[in-house]
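So you can see what is in the structure, the chains are spelled out below.
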Amino acid sequence: MSQYAWLIPVLPFSSFVAIVFLLKKSKAASAAYALASMVASFVVALGILIEKVQDPKAIEIAVNWLNIPEMGNFRGLNVQMGLLIDPLSAAMLFIVTFIAILVTLFSIGYMEGDEGFSRYFAYLSLFAFSMLGLVVANNYFQMFVFWELVGLSSYLLIGFWYHKPSAADAAQKAFITNRWADFAFMVGIILLFVYFGTFNFAELGPAIEHTKDAAFITLIGILIFIGPVGKSAQFPLHVWLPDAMEGPTPVSAFIHAATMVAAGVYLIARGFILFESSETTMLVIAYIGGFTALFAASIAIVQKDIKRVLAYSTLSQLGYMVMAMGVGSLTAGMFHLTTHAFFKALLFLGAGSVIHAMHHEQDMFKMGALSKKMPVTTWTFVIGSLALAGVFPLAGFWSKDEILLAAQHHNFTGLFVLGVIVAFMTAFYMFRLIFVAFFGEKKSDHHAHETSWLMTLPLVLLSVFAVLAGFLNSPWFYEAFGKSFSTFVFFGEPEIPHLDLGVAGLSTVAALAGIFTAWLIYSRKAIPAESIAKKFSGLYKLLWNKYYIDDFYQWLFDKVMFMTGKALDWVDHHIIDGFFDGFAKLVGFTGSKLRLTQTGALQNYALVIFGAVVFFVLLASTPLLGGVIK
Amino acid sequence: MGFPILSTILLAPVIGSIAVLLIPGKNSKAIKVTAALFSSVSLILAVLAYAGYDRTVGGMQYVENIPWVKTFGVNYALGVDGLSMPMVLLTAIILFSGVFVSWKLEDRPKEFFFYMLFLVGGVFGVFMSRDMFFMFFFLEMAVIPKFILINVWGSKYKEYASMKYTLYLLGGSAIALIGLITIFLYAADPSRGLGYYTFDIATLASVKYDPAFQKFAFFLLIIGFGVLVPMFPLHRWTPDGHSAAPTAISMLLAGVIMKLGGYAIIRIGINFLPEGAKFWAPLIAALATVNAVYIAVVAMVQKDIKYVVANSSVSHMGYVLIGIASLNAAAIDGAVGQMFAHGIMAALFFSLVGNIYDKTHTREIADYGGLAHQMPRVAAGFMIASLASLGLPGMFNFVSEFAIFVGAVQVFKVLSVISIFAVVVTAIYALRVMKQTFFGPRNEKWDHIKDAKGVEMVPIVLLGGVLLLFGFFPHLIMDMINSGVAPLAEKFVSLKIGGIF
Chain S
4 MSQYAWLIPV
14 LPFSSFVAIV
24 FLLKKSKAAS
34 AAYALASMVA
44 SFVVALGILI
54 EKVQDPKAIE
64 IAVNWLNIPE
74 MGNFRGLNVQ
84 MGLLIDPLSA
94 AMLFIVTFIA
104 ILVTLFSIGY
114 MEGDEGFSRY
124 FAYLSLFAFS
134 MLGLVVANNY
144 FQMFVFWELV
154 GLSSYLLIGF
164 WYHKPSAADA
174 AQKAFITNRW
184 ADFAFMVGII
194 LLFVYFGTFN
204 FAELGPAIEH
214 TKDAAFITLI
224 GILIFIGPVG
234 KSAQFPLHVW
244 LPDAMEGPTP
254 VSAFIHAATM
264 VAAGVYLIAR
274 GFILFESSET
284 TMLVIAYIGG
294 FTALFAASIA
304 IVQKDIKRVL
314 AYSTLSQLGY
324 MVMAMGVGSL
334 TAGMFHLTTH
344 AFFKALLFLG
354 AGSVIHAMHH
364 EQDMFKMGAL
374 SKKMPVTTWT
384 FVIGSLALAG
394 VFPLAGFWSK
404 DEILLAAQHH
414 NFTGLFVLGV
424 IVAFMTAFYM
434 FRLIFVAFFG
444 EKKSDHHAHE
454 TSWLMTLPLV
464 LLSVFAVLAG
474 FLNSPWFYEA
484 FGKSFSTFVF
494 FGEPEIPHLD
504 LGVAGLSTVA
514 ALAGIFTAWL
524 IYSRKAIPAE
534 SIAKKFSGLY
544 KLLWNKYYID
554 DFYQWLFDKV
564 MFMTGKALDW
574 VDHHIIDGFF
584 DGFAKLVGFT
594 GSKLRLTQTG
604 ALQNYALVIF
614 GAVVFFVLLA
624 STPLLGGVIK
Chain E
89 MGFPILSTIL
99 LAPVIGSIAV
109 LLIPGKNSKA
119 IKVTAALFSS
129 VSLILAVLAY
139 AGYDRTVGGM
149 QYVENIPWVK
159 TFGVNYALGV
169 DGLSMPMVLL
179 TAIILFSGVF
189 VSWKLEDRPK
199 EFFFYMLFLV
209 GGVFGVFMSR
219 DMFFMFFFLE
229 MAVIPKFILI
239 NVWGSKYKEY
249 ASMKYTLYLL
259 GGSAIALIGL
269 ITIFLYAADP
279 SRGLGYYTFD
289 IATLASVKYD
299 PAFQKFAFFL
309 LIIGFGVLVP
319 MFPLHRWTPD
329 GHSAAPTAIS
339 MLLAGVIMKL
349 GGYAIIRIGI
359 NFLPEGAKFW
369 APLIAALATV
379 NAVYIAVVAM
389 VQKDIKYVVA
399 NSSVSHMGYV
409 LIGIASLNAA
419 AIDGAVGQMF
429 AHGIMAALFF
439 SLVGNIYDKT
449 HTREIADYGG
459 LAHQMPRVAA
469 GFMIASLASL
479 GLPGMFNFVS
489 EFAIFVGAVQ
499 VFKVLSVISI
509 FAVVVTAIYA
519 LRVMKQTFFG
529 PRNEKWDHIK
539 DAKGVEMVPI
549 VLLGGVLLLF
559 GFFPHLIMDM
569 INSGVAPLAE
579 KFVSLKIGGI
589 F
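Going down the list, the protein sequences come from chains S and E.
Our numbering applies: residue 4 is where the first sequence begins, and numbers increase by one.
Our numbering applies: residue 89 is where the second sequence begins, and numbers increase by one.
No false leads were mixed into what you were given.
Below, computed lysine-lysine pairings styled on DSBU-like, alpha-carbon distance capped at 35 Å:
hint, chain 1, residue 1, chain 2, residue 2
1, S, Lys167, E, Lys541
2, E, Lys523, S, Lys30
3, E, Lys391, S, Lys549
4, S, Lys588, E, Lys244
5, S, Lys167, E, Lys391
6, E, Lys538, S, Lys30
7, S, Lys30, S, Lys375
8, S, Lys28, E, Lys447
9, E, Lys533, S, Lys27
10, E, Lys523, S, Lys27
11, E, Lys501, S, Lys569
12, S, Lys369, S, Lys167
13, E, Lys192, S, Lys28
14, S, Lys538, S, Lys528
15, S, Lys27, E, Lys447
16, E, Lys303, S, Lys588
17, E, Lys541, E, Lys447
18, E, Lys541, S, Lys27
19, S, Lys215, S, Lys486
20, E, Lys538, S, Lys27
21, E, Lys533, S, Lys569
22, S, Lys596, E, Lys244
23, E, Lys391, S, Lys569
24, E, Lys447, S, Lys30
25, E, Lys244, E, Lys523
26, S, Lys588, E, Lys391
27, E, Lys533, S, Lys562
28, E, Lys523, S, Lys28
29, E, Lys244, S, Lys569
What the hints contain is simulated information worked out from the structure, not anything from laboratory work.
Model, not experiment: these values are computed from the prediction.
Go ahead and model the full structure; you've got the sequences and the hints to work with.
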């Protein structure tokens, strides 16, 4: 099956091209082609996954793309485009294509009647193409190429409703924030190439092993890690992700669950050998991840927009994944990425279903009592939230435990405690959302209704995975099949899954405590939420304003950057132009003065001619007169 | 000698310009069809020559040689190698698009097309000449008609801009000319050089110039040709000149005229005077970095859309300069690639800006907004140009920029990282213009304007298509460029220049 792997990215690309050039006029044909290409990609990806489970040996195929030969001491530029199929990419291909199908299906219902229906599916196909091309990449250059294309697709989709200024702003913010990160990423891979002469993952591995803990490996590692800081929205480049909610909701599901933000985590996994070769880099990764997990969860607690709560929750969960990688467990990070993809896609699509039913109302304090009108959406949403909160035995429980275990195992006690606190906060903000939006009394005069099967079917399918996916890395699964996620995707030695009752108990208590607290405040109303907000009004304001980071960046952008631009523009116009125009004016001035000698009066000219004759006669006769000029 | 394909490419626009003169001025349709016909001859032959160039052999191909002034060794000698063939193709593409961009022009079309075709003949000549005398002759032939074109058909400050343009370029030419003459005389000197007069570029390149002389002559050349590129702080003619010029002329200015400078620096400067180049390289790299970043920041705050694009051209030429200054194969390959990529991209930008201006009669970005509602095709074209400008993979600009950076970082670590930062600033101004011009709610003020269609689509499709073609398959062009650059880079290998690791 691996020989057909190239079809996986190519099929969605064909869909993009076909829709843009041929099918645009027909909405049905556009959607059908997009869906068919995703399904076909999924079938190939599934085949590859099964093949890799049986035989995990990596397969690499590549073609030359660009070749500038080396010359003397200088590197040229040799680039290949290729496919690297190993357990890591096989697992990722499965997740991306699976989520892509469900998102496409859901979108057919969600985007119904939109003017840009065909354009939407073209962009969605482009998005899938970019992400899949990134997943199969066998070298850093190719990864960067598709990484940028992922950025482009997200720009197009976030700004899909370009008539809304907020959407256009958000798209621009996403792209530019990522550009800052990609600048570092690009410098990183250029240096990597200059040192080692190759971009290829397989060739770099042994070369990097020899240079463990060298200063430049740390430098390159951190530069490349800044790429994921942008794409996976880690602090301090997280600001674009919550704004990216301006795009159509299925796109948010796609971005948050399986594609863009996952790309960063996937890159860390793919280049793990590079990061792992420097202790400093690993520490930076671990603490950036851990901090983001806590920081974002704290903001999520006070948000009112249903999608924003989910957005900050994604930030927080991504922080978990990055932290897991940083403490040294590739398996834990990738496993959480996998389970998170299912339940976060479920939650976003659920939110989309609610927003669709509420006619684009997103404030959860204007919803309430949705459980009666929208049972499928409500109960699948509850399953997703339980999974996210990490309640036994749902998917999030297993993957979160894996992360906490990894932190404990590698003696990161601080991060372990932080992880438990974040688990509490996660359960709290999710169930705050559920109690406010889905239960209790109606908070506004809405006429919500259950959405069509196109939208509920993906919810049901995803909730099955949200329940079951975690078992992939449970001791029971290992006992039954002799395999588990951690013996499939790993770095170094495979780990055999085990359940640490202490850790599991602690995280379960944290999660249940979070749910209970949310119930007390928002359902039982034992302590009114308003009074808490009033009591800690300073803290509340700080959280509500997202620690003022967005405002600070805005200020930097408007004041510092634009003012610099204005100043330099002034220099251009006054100093540089002043110098050269002044030079031209000087020539002109001299000319205008010299012009005065050209009087046009014959007598004057005759006088000059006579004078000149006298002068030359004198000059010519100087030898006779014994003069000085010879 | 077979069919003189290069002379035909060169003379087609020149003959076309004369043919245009024979048509009555009132018959503007016939003038345009004639111009399109002759420019398509150049384009078709340029594509054929490009496809037929044997890159495994490399070197000068399709050579033609007619002796002219034997006493001074002046020959009408043409030929193309991996360095000039892409430039010839670039010129042909832009000329062809430029004719279609000017399809609606009704103000003295006869004179307009005469000057335009005539000057492009000069541009072809510069890229094809194997003779330094003719190269300089063609260079002037390309520069002078611009003065009239800007002054008569221009807009906004056109008198100031055309005068500024002409004075800068003539000043540059004068300085470069001194450099060229000293090289010519040095080579003719019996004791130090060859002992006979020649303008043959290959022969002049083989002379071993004294290092002190190389430093002196290279300085003159870099200043003289640096004006054309333009290199900071000699860049100020560009924003005004590009902005005041009529659309097709802006396309030619940014697309090919600026490339004449870069091409001459490579073909004459570093080819003849490698040690002079090595000596001045750090200065050029520093100024190039200023170009790339400083001008990008300036572009960010412009209010006139054409000034944004014009400044962005200067910024992108900074990459070309730092590539050249790095003096290794990857960087120079990238620089030549960037000249091609930027030429196409800038032409696309200017053609779209011209299209919008013709319909809205304003260039203030603040007056636009939501134009994607009325002009979706123009918006799509503008998106392609913006993405190419910010170096998105899939566009040829990305490949050439990446090659420049890989080459440059091996020589100028800090300066090249600062230069790379320009990709962030570029993204900011390109997307800002995109947003303010095309996004946002429908602006009813512009409901009367029509999207691009018919002949207006020719430049958008052709130029956008070229960027994507070479972006997806860069070896189609980079292999050829490398075959031309490798012999040059070889000189620096033997000189043991650079290498930091």
